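Could you put together the complete structure from these sequences and hints?
Keeping their order, the protein sequence lines are chains A and B. Per the working numbering, the first sequence starts with residue 1, numbered consecutively. Per the working numbering, the second sequence starts with residue 1001, numbered consecutively.
Calculated from the structure, these hints are not laboratory results.
Mimicking DMTMM-like on lysine to aspartate or glutamate, the simulated pairs with C-alpha atoms at most 25 Å apart in a straight line are:
1. A:8 with B:1202
2. A:37 with B:1146
3. B:1225 with B:1210
4. B:1225 with B:1202
5. B:1225 with B:1205
6. B:1218 with B:1202
7. A:37 with A:52
8. B:1218 with B:1205
9. A:37 with A:56
10. A:37 with A:62
11. A:8 with B:1210
12. B:1225 with B:1214
13. A:8 with B:1214
14. A:8 with B:1205
Keep in mind that this is a model prediction, so the values were computed, not measured.
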Amino acid sequence: MPFVNWLKRNLVVIAGLLTLAYLLLPNVVVTVFSFNKPNGRFNYQWQQFSTDAWTDPCGVADLCGSLGLSLQLAVWATLGATLLGTMIAFALVRYRFRARGVVNSLIFLPMAMPEVVMAASLLTLFLNMGARLGFWTILIAHIMFCLSFVVTAVKARVMSMDPRLEQAAQDLYAGPAQTFLRVTLPIAAPGIAAGALLAFALSFDDFIITNFNAGSTVTFPMFVWGSAQRGTPVQINVIGTAMFLVAVLLVLASMVLGNRRGRRKA
Amino acid sequence: MSTLTEAPPPPSPTVTDKKAPRRRGRFTPYWLLLPGMLWLIVFFALPMIYQASTSVQTGSLEEGYRVTWHFATYWHALADYWPQFLRSVAYAASATVLCLLLGYPLAYLIAFRAGRWRNLIMILVIAPFFTSFLIRTLAWKTILADGGPVVGALNTLHVLDVTSWLGWTAGDRVLATPLAVVCGLTYNFLPFMILPLYTSLERIDGRLHEAAGDLYAKPWTTFRKVTFPLSMPGVVSGTLLTFIPAAGDYVNAELLGSTDTRMIGNVIQTQFLRILDYPTAAALSFILMAAILLMVTVYIRRSGTEDLV
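Set out below in structure tokens:
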């Protein structure tokens, strides 16, 4: 029975591909429905094909404003979290110091805490301080929860680095600054980049913590949340699809570039 | 995330290091740590203390709140909302088990069987993150719509009869039932299971599989005795990364569920943002935090993986 044998051998492949299909199905739906022309306020039922939303992606009030705000927040949160996180990661890997246990738990706990708990407690702090909720409170929150993820990403990379490379640089009379800029940083760069990418994605897509600490400021995820109550414009699907495509293309492009550079070196 | 299972850093050498130039700065590590740690202390640890104090306060919005060590708030919160607590744990646990069952084959496929497709599949697992998860969750409303193809197929196969009898669905509806919420939770946190699983599977030496085969182990035995035990770090961090956010989630219950599927996250959100009953909300979120930390600690102890960061 060749078919049964084939099935037995490839069962895990079939199961894996089914899971992949489950993961991608919503994206297919989002893409297809970006060409829909819904009858009512909600875009949940297929009516007829139309490219209206694609030709006018900002045609809904406040949508593109919220998108711009989210991108802006994500950029600043990424910069802040990457800078602070990289510094912590270097300190953890390269130095001995007291209170390492406390530092480690302070980095681990935000990742082991349900978002709603952090969101609620941060709001308590802001209310007690009488802070005005808005851009700055969101940014503070985003840097806070992105920080731990940057630390773990950078730490992994710095840990696998050969310390002798830096010693070699110093033997060749490179000063501390020169060693750091021309040896340490380039080697740690992939880890820093991975951490930054993760921070950007986490910040851009965050809803729960933002919802608590945004006041009346509306980010893109909050716009989508509100529209789920009031009526979902097709433009949401257009932006979701575009973001997906841009991400895939960017990664593919960087892979092609990386391959080419790798080949040139070899 | 993939690094949650990394071993702790090796203790830095002491003797040789003392001669290294950077030892000049005895305070360098503290300067490096200072800004980030201050950030976490002020915006993560301090809020927890504020919340603890809020949970034992009494008063009203108009007159202000004062600490009166009113622990009854905890008792009332538990008495009023224990069904939502239990529901959160049950939904999150179901979603975690489903994520493990669905995610393991895909992680295995990427690690051992994908060949030159490996990078492409990895990209396809991660790229959906860039479409806002709220938009993707709303897409499930379309997929599971009443009278849609999925519900129709489940109806024809009499699956819905079974799930309705179990109380997971209601009649010939899937939307607004526990099944829809668990399905959404599973979908949303699946990548958080797949990535750590993949990281630990990828580290397994392929020759171990060959050795098992040479010793007459059948594929299933090889998996049970070699592959699965070696992937335990991935299983532990994957289940944690799925269970913790799922237990506190309120987005899926709100978008795909009904008033009968409200989770504890929904209650905290409503108490905090709409009813403005801060002590109750603070007590609830404190209980949730304590419960999760307790479960995580016990789980990590029992699974024998202590190096999480």
